[in-house]
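With chain L's structure known, arrange chain B on it following the hints.
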Amino acid sequence: MSLLQIKNLSVEFGSEKNPFRAVEGLDLSVDQGEIVGIVGESGSGKSVTMMAMMGLLEGQGRIVADELSFDGKNLLTISARERRKIVGKDIAMIFQDPMTSLNPSYTVGYQIMEVLKVHQGLRGAALKARALELMELVEIPAAKTRLEAYPHQLSGGMSQRVMIAVALACNPKLLIADEPTTALDVTIQAQIMDLLVNLQKERNMALLMITHDLAVIAEVAHRVAVMYAGQVAEEGTVPQLFRHPVHPYTQALLSSIPEHSKGARRLVTLPGIVPGQYDRPSGCLLSPRCPYVQERCRNERPGITAHEHGAVRCFYPLFEKKEAP
Amino acid sequence: MFFFILRRLGVLIPTFFGITLITFSLIRMIPGDPIEVMMGERSLDPVLHAAAMKRLGLDQPLYIQYFDYIGNLFQGNLGASLKTQQSVWSEFTTLFPATLELALCALVFATVCGLLAGVVAAIKRGSIFDHGVMGISLTGFSMPIFWWGLILIMLFSVQLGWTPVSGRLDLAFDVQPDTGFMLIDAWRAEMADPEYNAGAFKDAVMHLILPAIVLGTIPLAVIARMTRSSMLEVLREDYVRTARAKGLSPARVIFIHTLRNALIPVLTVIGLQVGTLMGGAVLTETIFSWPGIGKWLIDAIGRRDYPVVQNGILIVATLVILTNFIVDILYGIANPRIRHAK
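Residue numbers (UniProt numbering), protein chains in the order written: chain L, 1 to 325; chain B, 1 to 342.
Honestly, the hints are just simulated from the structure, not real lab data.
C-beta atoms are modelled at their ideal positions from N, C-alpha and C, and glycine is treated no differently.
Accuracy of the hints is not assured; some may be wrong.
[Claimed, not checked] List of simulated lysine to any residue pairs, SDA-like, C-alpha gap at most 20 Å: (1) L:Lys85 - B:Lys124; (2) B:Lys124 - L:Gln60; (3) L:Lys117 - B:Ala251; (4) L:Lys117 - B:Ile256; (5) L:Lys89 - B:Leu322; (6) L:Lys85 - B:Ser249; (7) L:Lys117 - L:Arg130; (8) L:Lys89 - B:Lys124; (9) L:Lys85 - B:Val253; (10) L:Lys85 - B:Ile256.
[Unchecked claim] Here are the in silico distance ranges between beta carbons for each label pair: (11) L:Asn204 - B:Ala251: 33 to 41 Å; (12) B:Leu116 - L:Ser79: 25 to 33 Å; (13) L:Lys144 - B:Asp238: 21 to 29 Å; (14) L:Asn171 - B:Arg337: 43 to 51 Å; (15) B:Ile338 - L:Glu202: 53 to 61 Å; (16) B:Asp238 - L:Gln191: 18 to 26 Å; (17) B:Asp238 - L:Glu295: 25 to 33 Å; (18) L:Asn299 - B:Phe141: 54 to 62 Å.
[Said to hold, decoys possible] Here's a subset of chain B near chain L, in silico, CB distances under 8 Å, partners left out: (19) Asp238; (20) Tyr239; (21) Arg244; (22) Leu248; (23) Ser249; (24) Ala251; (25) His257; (26) Asn261; (27) Thr323; (28) Pro336; (29) Arg337.
Same shape as in the complex, but just chain L (with noise of 0.2 Å):
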């Protein structure tokens, strides 16, 4: 069984009447010890998804799944309270902007003791000693003075390791890291990402990587889910989906790279934008952008159908390599 396992998640915002669905029948499930990258565009649901199955939409969202469970718990239907003793402990999430993710009034080693006192319980001396093992853990010089420090005395990328240690306080099964490196200096971001990496692989734990960098998720993912406007358009294992994308939104994202398209003298790009509220297709979501679109895809919403290496959600998957028209 998945550690996490998500089924037909629909996430909506607004009034009843006019709702704007930011995730619309989402699958996805993670195992232990597997890296899971998530990439789409700014707006595509990424984030929401990770926020609802955190709890953290705070009532503004409506969740409706089919299956929303973690670690053979549901997490639709267990109580508030039930939830904050997962969320921060068994799931834990750091966040785009270590820099404005930190509580600006307490010392970095009360934000990260903070965890260890409400999850385990530890206080006096076998707190600080772990909080000081953590700062350790991220590789934070001069841990030990860095516990007095105030989150504005940091740097990004300090920020965002001391993001971590919260993170890591309580051993969690799963690391959701949402943009972790966005944020940060291109040589502070190698940095982050290699300290995930090996900490995962250390721990056995579950990471999601939700990214619109598809450079890291080939580099680090095992498996990958690309995302386009609230539905999951493919996926499929890293090797696989790179080398052999079959759904035309991840053919184009691919094409875009400047690595992948060498020889074209112009990056491809899909013309137009992400459909917002009120310009939603009643057809594929696609459709509008599609340089493949047919009559059906105009009219039908197309279903995630699985194939031999991952699934997809199309009427006329690529699966032998056309040119676009």
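This is chain B only, laid out in the frame that chain L set:
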């Protein structure tokens, strides 16, 4: 932190001079002088008048008077009341506890209720409670103090008879003004002579309730609105999301992670209310015949008692400035980013 305090102190010096100049000029702009007011409608012998003015040093040109005034201030001499011949400082210290007691109770009332209302309104944003609190606080903010005071007296004192109309304590009690704080003095008197002074403390409380509510209404409204908007702002911060993602209880998320940061602007507003409280005390004390410095200053202005007006206002202004200064320091403590700024 040391330089932070030093820098703040440096700003105070010009402020003090500004205050002396303003009070000195304003009181002299009002028609009439102390002697005329004292004599009232009786005919005034110009010779006697001139002699009296000379005796008080009021015949000198204004700039000489001002420099004399400043010179005396630097020697720590605040002058004496023209009416009672008592030193301004001793009159002030006798009356100030009454005002302080009233202002503190008003501030506690305003802060406790304001913070609570603001926090709940922010958490239940858009609810009936939220709209209710904000509507009431807007009304409270716009309420003229004297009118609000009279309405409350009419309702609670006259119609319902729950609270006394004016003063600090019923005449029937024998209470020595040891500390000047009626609540403490009444409590001690009741402890010392439980038979004769039975119920003195409760009586002091009942006297205090209405004035404290009247004086605290505007600060309450300001604090509630500020708390709400500040809370709403902070609730959207990334670190509040982090706190939730840590699996912390809602109470911890609200009070430890949100309110602490939301308090920073609220603290400044509370500090600024000290000025409002002093201003409001003048009206409140007049309505409730509360023997504090507000009433003292009003009477002094009526008498053109120059030393009392000038120096009384200077003392009050100094207190307001000092309070804001302390608030600034507290602000530095509450917000590490300011404390560390060089």
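Quick rundown of the hints versus the structure:
1. L:Lys85 - B:Lys124: Since the Cα atoms of Lys85 of chain L and Lys124 of chain B sit roughly 25 Å apart, the hinted pair is violated (cutoff 20 Å).
2. B:Lys124 - L:Gln60: 12 Å, holds
3. L:Lys117 - B:Ala251: Roughly 15 Å separates the two Cα atoms, so the pair holds.
4. L:Lys117 - B:Ile256: 14 Å, holds
5. L:Lys89 - B:Leu322: 47 Å, violated
6. L:Lys85 - B:Ser249: 10 Å, holds
7. L:Lys117 - L:Arg130: Given that 20 Å is the threshold and the Cα spacing comes to 11 Å, the pair holds.
8. L:Lys89 - B:Lys124: Cα-Cα ~28 Å, so violated.
9. L:Lys85 - B:Val253: 15 Å, holds
10. L:Lys85 - B:Ile256: Given that 20 Å is the threshold and the Cα spacing comes to 19 Å, the pair holds.
11. L:Asn204 - B:Ala251: 33 to 41 Å: 35 Å, holds
12. B:Leu116 - L:Ser79: 25 to 33 Å: 27 Å, holds
13. L:Lys144 - B:Asp238: 21 to 29 Å: 27 Å, holds
14. L:Asn171 - B:Arg337: 43 to 51 Å: 33 Å, violated
15. B:Ile338 - L:Glu202: 53 to 61 Å: The hint (53 to 61 Å, Cβ to Cβ) is violated, given that Ile338 of chain B and Glu202 of chain L are roughly 40 Å apart.
16. B:Asp238 - L:Gln191: 18 to 26 Å: Because 22 Å falls inside the window, the suggested range holds.
17. B:Asp238 - L:Glu295: 25 to 33 Å: 45 Å, violated
18. L:Asn299 - B:Phe141: 54 to 62 Å: 58 Å, holds
19. Asp238: Constraint on Asp238 of chain B satisfied, holds at 4 Å.
20. Tyr239: The hint holds - Tyr239 of chain B has a Cβ within 8 Å of chain L, the shortest such distance being about 4 Å.
21. Arg244: Holds, because the Cβ-Cβ distance from Arg244 of chain B to chain L comes to roughly 5 Å (cut-off 8 Å).
22. Leu248: Holds, about 6 Å.
23. Ser249: 7 Å, holds
24. Ala251: It is violated, given that the least Cβ distance between Ala251 of chain B and chain L is near 11 Å, above 8 Å.
25. His257: 6 Å, holds
26. Asn261: This hint holds: Asn261 of chain B lies near chain L, its Cβ roughly 5 Å from the closest one there, short of 8 Å.
27. Thr323: 23 Å, violated
28. Pro336: 4 Å, holds
29. Arg337: Cβ of Arg337 of chain B sits 5 Å from chain L, so the hint holds.
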